[in-house]
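Asks: Listed below are the residues making up each chain.
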Amino acid sequence: MNIIAAMTTLPNTLVAQIGGDYSWIFNLLFYVVFIVFMFYGQRIQTYVMLREVEGSLYRLRHIKDEGRKIAIETIKEIGKPQADPSVRVDRFLEYFTIAPQSLDPAGVVWKLEHILDVRDTRLKDDVKLMAPSADETQTNNLENTLEAAMALNFIYKVIRHYYLLGKKTLSLYVIMQIQMILPLVMREAEAYASALKAFAYGQPIGDGAGALVAAKLMHGHETKKIAKDCVVATVPIEGRTAYVIKAEGPGGNVGKPGDAVKAIAEENEGKIANVIMIDGAMKLEGEAVGEVAEGVGAAIGGPGVDQFKIEETLLKYHLPINAVIIKEDIGDAVSPMRKEIFDSSDKAIERIKQVILEKTKEGDKVIIVGVGNTMGISQ
Amino acid sequence: MSDMSKVESSTSTTARIPSFVLMIIFITLALSLTALISAVSFFTSGEEVIAGYLLLIGALGLAFSTYMLLQTRRRMSSLRIEVPPVMSTIECKKCGFKNVREFQRGDYIFKEVEPCQKCTDKMLITAVYREVKEKDKEKERSSF
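If you read the sequences in order, they're chains A and B. Residue numbers for the first sequence follow this note's numbering, beginning at 3 and rising by one. Residue numbers for the second sequence follow this note's numbering, beginning at 10 and rising by one.
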């Protein structure tokens with residue numbers, strides 16, 4: 003009651019100070035505003051939120067259109083197609099993948115792997131049709147460019163869906179959901195926007211930190227193909243034999259490290275002293291970019307197929323596994339590699355050597371897996 | 010390099026603000042300025058109450074239009090997709106000669122490039138990276 007009394011007397015006293023004759027205008031204005039906010043407060047809040055989402059949607063549309071434009075320009079420049087690739091690119095941007103049914107979860111990983119393989123082949127075939135003059139590396143880079151454009155198109159369409167749904171229903175809760183996660187969505191979209199340029203130019207990205215470590219270790223040694231899009235080199239490190247695995251570069255590729263680890267373990271009949279995985283990992287806010295940390299477990303992201311395969315191999319042969327990670331955020335992971343991440347690859351190598359010295363004996367065999375997209379990184 | 014500048018310029022041209030919005034902002038700005046000038050003239054002629062109201066309206070209008078102008082500027086600048094400069098480090102393994110230049114399409118880590126200027130041995134790209142501005146690094150730092 004005291005607050006209401008104070009609120010009603012406040013404009014009177016203020017207005018009385020400004021000019022007595024016109025005080026009724028301010029009084030009326032105050033009551034109108036008070037009543038409007040009392041009855042339409044939520045509606046006004048909804049409109050304010052809708053406006054905010056609209057602003058972000060405008061920016062998302064711009065980013066998405068830029069993505070499409072960059073993809074088409076890159077295809078025209080590299081692939082030298084006979085016809086205009088715009089129609090094919092538009093069709094590509096609308097591609098979708100249906101995840102396998104998991105009501106009976108047994109064997110779902112193999113079904114998922116099959117679906118992902120079919121998707122990969124389909125996308126590669128389409129890229130080859132769009133860009134007939136592109137070589138293997140350029141085809142991989144173009145596929146990555148188009149996938150980034152596809153991700154931007156999807157983000158835009160989802161946000162637009164919720165915006166229009168909120169506008170139709172004028173439901174505060176529909177709008178609120180999207181408005182609350184909008185800063186994170188925008189961050190991701192901006193990360194993909196910078197990824198697009200990195201992919202188009204074939205620049206190494208932050209996600210390739212693991213691949214870079216492996217590349218540095220195996221450079222100058224003979225490599226051979228071990229699994230699909232994966233190479234291995236036998237490298238002597240601290241008196242041990244290290245099988246260093248990475249995706250085959252310099253085209254944008256993540257390979258199949260799960261199959262590669264399995265093949266090496268089988269080749270050596272499970273006589274592997276240690277498996278060390280290196281990957282770029284999501285940092286928490288407040289942690290420094292390029293910080294190197296150590297732990298145990300299969301350090302690998304993605305849909306989970308390769309992590310599953312590696313864990314199966316480890317279990318079969320009872321192999322210990324260590325992980326070295328290089329910290330980065332989503333923006334760093336998909337944009338051109340930051341100097342801090344590049345420099346931390348040497349620190350990661352030191353850590354790997356330390357792990358090898360501490361956990362294995364001279365003459366032992368170890369597997370070192372550099373996980374990540376190897377775009378712009380050869381071997 | 011030319012590729013990059015081409016993309017950068019193309020991204021900035023599509024950012025447009027509707028002309029009628031700008032027109033409303035400028036009309037408000039003009040009216041606010043008129044109100045402020047009138048306030049001064051009313052004040053000198055002794056009509057202090059009217060001068061007070063005009064001053065209030067003028068100040069509010071000026072603040073609103075300036076805010077809107079700044080907002081539209083921010084919106085235009087936020088539509089640009091920034092292309093960070095990416096550098097390639099080229100090294101000669103034989104004599105240690107090092108050269109840092111801007112990234113060129115086709116560059117990749119461990120690519121053999123042009124012969125060394127000093128010993129004519131083949132040089133190798135040993136690093137491709139982007140450097141983040143000190144200003145952006147400051148933003149990332151936390152006191153916790």
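Keep in mind that the hints were calculated from the coordinates and are not lab data. One thing to keep in mind: the hints can contain errors.
As the list claims (entries may be wrong) - Derived contacts from chain B toward chain A, CB cut-off under 7 Å, selection only:
no., residue
1, Glu-56
2, Cys-128
3, Arg-139
4, Phe-153
What the hints assert, rightly or not - Pulled a few chain A residues facing chain B out of the computed Cβ check, cut under 10 Å:
no., residue
5, Ala-153
6, Lys-169
7, Thr-171
8, Ser-196
9, Ala-217
10, Pro-252
11, Val-291
12, Val-294
13, Ala-295
14, Gly-297
15, Val-298
16, Asp-345
Claimed, not checked - Taking CB as the label site, the calculated pair distances span:
no., chain 1, residue 1, chain 2, residue 2, range
17, B, Pro-124, A, Gly-222, 35 to 41 Å
18, B, Lys-131, A, Thr-243, 40 to 46 Å
19, A, Glu-269, B, Arg-110, 38 to 44 Å
20, B, Phe-153, A, Met-40, 40 to 46 Å
21, B, Asn-108, A, Leu-286, 54 to 60 Å
22, A, Gln-84, B, Glu-123, 30 to 36 Å
23, B, Gly-61, A, Leu-286, 16 to 22 Å
24, A, Val-89, B, Asn-108, 40 to 46 Å
25, A, Ala-108, B, Leu-79, 56 to 62 Å
The beta carbon of each residue, even a glycine, is placed where N, CA and C say it ideally should be.
Asks: Per the hint of 35 to 41 Å, is the separation of the Cβ atoms of Pro-124 of chain B and Gly-222 of chain A within bounds?
Replies: 19 Å Cβ-Cβ, so the 35 to 41 Å window is violated.
Asks: Would you check whether Cys-128 of chain B satisfies its interface hint, that is, whether its CB is within less than 7 Å of any CB in chain A?
Replies: Interface hint status for Cys-128 of chain B: violated (19 Å vs cutoff 7 Å).
Asks: Take the shortest C-beta to C-beta distance between Pro-252 of chain A and chain B; is it under 10 Å?
Replies: 4 Å, holds
Asks: Between Lys-131 of chain B and Thr-243 of chain A, is the Cβ distance one that fits in 40 to 46 Å?
Replies: 29 Å, violated
Asks: For the hint on Val-294 of chain A, does the least C-beta distance to chain B fall short of 10 Å?
Replies: The hint is violated - Val-294 of chain A has no Cβ within 10 Å of chain B, the shortest such distance being about 17 Å.
Asks: Regarding Val-89 of chain A and Asn-108 of chain B, is the given constraint of 40 to 46 Å on their beta-carbon distance met?
Replies: For Asn-108 of chain B against Val-89 of chain A, whose Cβ atoms are near 44 Å apart, the range 40 to 46 Å holds.
Asks: Against chain A, run the beta carbon of Glu-56 of chain B and see if the smallest gap drops under 7 Å.
Replies: 11 Å, violated
Asks: Could one say that the CB atoms of Glu-269 of chain A and Arg-110 of chain B fall in the range 38 to 44 Å?
Replies: Since Glu-269 of chain A and Arg-110 of chain B have Cβ atoms about 42 Å apart, the given range 38 to 44 Å holds.
Asks: Any CB of chain B closer than 10 Å to the CB of Ser-196 of chain A?
Replies: 7 Å, holds
Asks: Against chain B, run the beta carbon of Ala-153 of chain A and see if the smallest gap drops under 10 Å.
Replies: 15 Å, violated
Asks: Would the hint on Asp-345 of chain A be counted as holding, given a Cβ-Cβ threshold of 10 Å to chain B?
Replies: Holds - the Cβ of Asp-345 of chain A comes within 10 Å of chain B, reaching about 8 Å at its closest.
Asks: Does the CB of Arg-139 of chain B sit less than 7 Å away from some CB of chain A?
Replies: At about 4 Å, which falls below the 7 Å cut-off, the nearest Cβ of chain A leaves the hint on Arg-139 of chain B intact, so it holds.
Checked against the numbered hints above, the structure breaks hints 1, 2, 5, 6, 7, 12, 13, 14, 15, 17, 18, 21 and 23 and satisfies the rest.
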